[in-house]
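Undergrad: This is what each chain is made of:
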Amino acid sequence: MKFFYHIGKYFLLLFEVFKKPEKQGIYYKRFITEIENLGINSIGIVFIVSVFSGAAITIQTAYNIENPLLPSYLIGVSARDSILLEFSSTMVGLILAGRVGSSIASELGTMRVTEQIDALEMMGVNSASYLIFPKIIALMFFAPFLTILSISIGISGGFVAGVLSGVTTTEGFIEGIQYAFNPFYVIYAIVKAVVFAFLITSISAYQGYYIKGGALEVSKSSTRAAVNSSVFILIFNLILTQLLLS
Amino acid sequence: MINVHNISKSFLGKKVLDDVSATFQKGKANLIIGQSGSGKTVLLKTIIGLHNADEGSIFYDDINFTKLNIKEKKSIRQHIGMLFQGGALFDSATVEENVMYPLDMFTNKSFEEKKERVNFCLKRVNLDNANSLYPSELSGGMIKRTAIARAIALNPKYLFCDEPNSGLDPKTANVIDNLIKEITKEYNTTTIINTHDMNSVMEIGDTIIFIYQGKKWWEGNKSDVLHADNKELNDFVFASKLNKRIKETI
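Line by line, the protein sequences give chains A and B.
Positions 24 to 269 (the numbering used here) are the ones given, in order, by the first sequence.
Positions -15 to 234 (the numbering used here) are the ones given, in order, by the second sequence.
Chain A extracted, bound-state conformation:
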């Protein structure tokens, strides 16, 4: 029953969030700020995770298909498809759930316990829309850039690690990443990233916005935001895969 209570309350919050903005100029400024907070500030972690994961994926693939009968370009094919289909959207989504999700929940939670949200409501501002809408739109807007960045960095990391460790050659890897390339995989990765961005921001905002209590509750809501966002990312990963690739 509690699950359905939260689902209902979550959709009621979304209903408030997507009401017409009071003053669009102010929302635009907040949108730009949130792009910096949630998107640009995540580039570092996405870069680090992508480069090392791309490298690990390439080396693991190479050891798994160690067979003289198999062409060496298969390493590039396999690394490219793993990065495109799963890693750059889902893994990056899970990382963002931790970084961005907990930051959103703790920001809104702190605003709630220090009565800043009450102050907004008192002034006649739709606090849910004012605080949450720019975050959702900003991350949904920026997620495709992070995904494309992650794909590029992941494949580059795989290339460097593969060549330096000697498991593949420059020509073999480049041939592999071009071999039987399906451009729809990029669209698939971007669609997933946009959906995950919505899930991360809205679920984390829900956790922070309705917090009751004090500082301890803020930290708990921050943890719940990361965990719940991650769980829903995994569920929607399965649903989207079935919908888009079957």
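Derived from the structure by calculation, the hints contain no laboratory data.
Treat each hint with caution, since some may be false.
[Claimed, not checked] Restricting the straight-line Cα-Cα distance to at most 25 Å, the calculated cross-link-like pairs of lysine to aspartate or glutamate (DMTMM-like) are:
| hint | chain 1 | residue 1 | chain 2 | residue 2 |
| --- | --- | --- | --- | --- |
| 1 | B | LYS55 | A | ASP141 |
| 2 | A | LYS46 | B | GLU97 |
| 3 | B | LYS165 | B | GLU203 |
| 4 | A | LYS46 | B | GLU81 |
| 5 | A | LYS43 | B | GLU81 |
| 6 | A | LYS52 | B | GLU97 |
| 7 | A | LYS235 | B | ASP38 |
| 8 | B | LYS199 | B | ASP213 |
| 9 | B | LYS206 | B | ASP153 |
| 10 | B | LYS29 | A | GLU45 |
| 11 | B | LYS107 | B | GLU80 |
| 12 | B | LYS29 | A | ASP141 |
| 13 | B | LYS225 | B | ASP213 |
| 14 | A | LYS243 | B | ASP75 |
| 15 | B | LYS58 | A | GLU45 |
| 16 | B | LYS(-2) | A | ASP141 |
| 17 | B | LYS228 | B | GLU216 |
| 18 | B | LYS57 | A | GLU45 |
| 19 | A | LYS52 | B | GLU80 |
| 20 | B | LYS(-2) | A | GLU138 |
| 21 | B | LYS165 | A | GLU138 |
| 22 | A | LYS52 | B | GLU100 |
| 23 | A | LYS52 | A | GLU39 |
| 24 | A | LYS52 | B | GLU96 |
| 25 | A | LYS46 | B | GLU100 |
| 26 | B | LYS99 | B | GLU166 |
| 27 | B | LYS57 | B | ASP45 |
| 28 | A | LYS52 | A | ASP141 |
| 29 | A | LYS46 | B | GLU56 |
| 30 | A | LYS42 | B | ASP88 |
We have chain A already, so just place chain B on it with the hints.
TA: This is chain B only, laid out in the frame that chain A set:
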């Protein structure tokens, strides 16, 4: 003027406000006093509409606030200034941005006009050179004064103050009390102040209502408090040794 008629409010079956009626007059500091947990903050938040009353009605001048829809309530709220217990300043914004916020949201003034208004409000609360400071860099008294400046930025008709002196030393508390009193006279606002600080009661209490166990237990003004024969009120007002001595002297 704000009129409250027979307000009741319960949380999880527990009655927190029980049939409270009161009149809060324009141009006066109207105090709500009572022990912690007596229901005075719930009363204040119900009057503002942050809680919905289970029963009763609230009138802002001639407008029945309880009958308004959310949009109409929001338009009334733009005439309300509120001073929260902890200040509730936006901690990622400077003092200037905090005070400018209501002007940004609800006026179409140019930046220069808004800046002029912000400087006027900050000067009014004696915070002339604090524009670029962040709330974390302010003292308790400065936070309250910034919150007052933000509350008066839009020339409010109604001013609500929730425990304006909590966490302040007696001297700073006195400054805040007098500032609220002066602003009430200057802007002719209907000011409602929630407090359990007896210095505030004696300093600025034009009208006072005492809330006890969710009910309006007593009503009067600052001179009536000293001579009241209401046991619960006297237990509350003269709880400290100092106040007991004052009572004995009288």
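Undergrad: The structure should be examined with respect to each hint, and the outcome stated for every one.
TA: Hint-by-hint comparison with the structure:
1. LYS55/B <-> ASP141/A: Holds: LYS55/B and ASP141/A sit about 16 Å apart, inside 25 Å.
2. LYS46/A <-> GLU97/B: holds (18 Å)
3. LYS165/B <-> GLU203/B: Distance ~20 Å between LYS165/B and GLU203/B Cα, so the pair holds.
4. LYS46/A <-> GLU81/B: holds (16 Å)
5. LYS43/A <-> GLU81/B: holds (24 Å)
6. LYS52/A <-> GLU97/B: Given that 25 Å is the threshold and the Cα spacing comes to 20 Å, the pair holds.
7. LYS235/A <-> ASP38/B: Given pair LYS235/A, ASP38/B holds - Cα atoms ~22 Å apart, limit 25 Å.
8. LYS199/B <-> ASP213/B: holds (17 Å)
9. LYS206/B <-> ASP153/B: Within the cut-off at roughly 22 Å; holds.
10. LYS29/B <-> GLU45/A: Between LYS29/B and GLU45/A the Cα gap is close to 23 Å, so the pair holds against 25 Å.
11. LYS107/B <-> GLU80/B: Since the Cα atoms of LYS107/B and GLU80/B sit roughly 12 Å apart, the hinted pair holds (cutoff 25 Å).
12. LYS29/B <-> ASP141/A: OK: LYS29/B and ASP141/A at ~10 Å, within 25 Å.
13. LYS225/B <-> ASP213/B: Given pair LYS225/B, ASP213/B holds - Cα atoms ~18 Å apart, limit 25 Å.
14. LYS243/A <-> ASP75/B: It holds: about 21 Å lies between the C-alpha atoms, which stays within 25 Å.
15. LYS58/B <-> GLU45/A: Holds, at roughly 11 Å.
16. LYS(-2)/B <-> ASP141/A: Answer holds: LYS(-2)/B to ASP141/A is near 23 Å, not above 25 Å.
17. LYS228/B <-> GLU216/B: Within the cut-off at roughly 14 Å; holds.
18. LYS57/B <-> GLU45/A: holds (15 Å)
19. LYS52/A <-> GLU80/B: holds (17 Å)
20. LYS(-2)/B <-> GLU138/A: holds (24 Å)
21. LYS165/B <-> GLU138/A: holds (24 Å)
22. LYS52/A <-> GLU100/B: Distance ~22 Å between LYS52/A and GLU100/B Cα, so the pair holds.
23. LYS52/A <-> GLU39/A: holds (20 Å)
24. LYS52/A <-> GLU96/B: holds (19 Å)
25. LYS46/A <-> GLU100/B: holds (21 Å)
26. LYS99/B <-> GLU166/B: holds (23 Å)
27. LYS57/B <-> ASP45/B: Roughly 14 Å separates the two Cα atoms, so the pair holds.
28. LYS52/A <-> ASP141/A: Satisfied, since the Cα-Cα distance of roughly 22 Å is no more than 25 Å.
29. LYS46/A <-> GLU56/B: holds (17 Å)
30. LYS42/A <-> ASP88/B: holds (19 Å)
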